[in-house]
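Go by the hints and put chains B, C and D onto chain A.
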Amino acid sequence: MRILYFAWLRSKTGTASEEVAPPAEVTTVAALMQWLAARHPGFAEAMAAPGVIRAAVNQDYAQPEDPVRPGDEIAFFPPVTGG
Amino acid sequence: MRILYFAWLRSKTGTASEEVAPPAEVTTVAALMQWLAARHPGFAEAMAAPGVIRAAVNQDYAQPEDPVRPGDEIAFFPPVTGG
Amino acid sequence: MIRVQEAPFDVCAELAALSAGRTDIGAVASFVGLVRDRAGDQAIRAMTLEHYPGMTERKLAEIEAEACGRWPLQASLIVHRYGRMLPGEPIVLVATAAQHRRAALEACAFLIDWLKTQAPFWKLEESGATSRWVEARDADERAADRWRR
Amino acid sequence: MIRVQEAPFDVCAELAALSAGRTDIGAVASFVGLVRDRAGDQAIRAMTLEHYPGMTERKLAEIEAEACGRWPLQASLIVHRYGRMLPGEPIVLVATAAQHRRAALEACAFLIDWLKTQAPFWKLEESGATSRWVEARDADERAADRWRR
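Protein chains in written order, with my numbering: chain A, 1 to 83; chain B, 1001 to 1083; chain C, 2001 to 2149; chain D, 3001 to 3149.
Don't take every hint at face value.
[What the hints assert, rightly or not] No farther apart than 25 Å at their CA atoms in a straight line, the calculated lysine to any residue pairs in the SDA-like style are these: (1) A/12 - D/3117; (2) A/12 - D/3138; (3) B/1012 - C/2133; (4) A/12 - D/3129; (5) A/12 - D/3124; (6) B/1012 - C/2130.
Don't read these hints as lab results, they were simulated from the structure.
Excised from the complex, chain A in its bound form (with noise of 0.2 Å):
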């Protein structure tokens, strides 16, 4: 699984992608977010404020009950803010 994170997200995990293999259970967006909150302590601050971390499995959106499986590209970013 390649893991991709985007702005100040970014700066909470301290890299801007990875490639994990988490155990077999994790087979959500949610599941998959605890377990990086594991990893990673700024993560896991970053997903105690609800609503401000948003998901995409292969480039689009996801929510935390979508399925993710080994080969998926999954990226965490905060609300959008272009245009």
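Chains B, C and D in isolation, oriented as in the chain A frame:
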């Protein structure tokens, strides 16, 4: 009083503008239209279709009951179609 | 600023001038109306816009002032042509500049909607060998109604 | 058409290309978002836009397709920059062309409102010696809500 006609109303009256001196009892837009209708059969014809002729007195939109006075510039035209 | 002119205008140059040298503008919205080569099933050869000199300038200035009163605009522009034009030529340009997009977008839509029913212009379409005065559209009245207070 | 690029773009040239050589277009609406020199009481020195390469293009294409499905557009364009920009520089251009103005104006407003909440861009403002990530605005969510079905 200076009278102006625009767009297809000009072809109905056969003139783009005329100086007129209606009798003293012609004190409103509506009365002026009646008086002009007697001079121009084409204007009378256009008046027969209600709401088709718009009026402006001194370059501001006017209603039938609005006053007209000697020296005024009064314009008649169909609904506008610019833009 | 408003301008009524017979000569063609350059949309690029007009828009560039609107925000030239300024760094306080966050949003520019614009609308250009062009002569189309068809009206319904008729091929259009040319279009002639008649207007009421004097009243036109007055009404456009009123319309612009109304927009500036309703929205916090940093700049605004209405350029409207009269006379004969060919398909593809711009007839009218309205543009608005503001700090935020909502004001610019709404004021731009207001300006063109309001102008359509308030500015004394009349379109004469040339189709084949005949000319026809364009009729006012109910849709234009309804569009203007959205902005009535 | 959509384009995501680091280089500045020329609003004039982009708009001219949209309707070049065509005589069937009656209305062109456009919106340009620019870097402002202030945000609240902060003077802004520069702005850096980060984006999610790949997803950005995908989302912009989806947004444009959605607009084309909702309105009868003859042409449409989204150009969005990323990287560092100075006050006064354009960040984004959206433009729409249609036979009639309602479709062009509404689709233009939709494109920029939708893009603001859907396209994965993040703004970093430089103010004095510090940089600050811009927070999402509730007003942007509400503007996008107008277009939800």
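Checklist line | Structure versus earlier hints - violations, ascending order | finding: none
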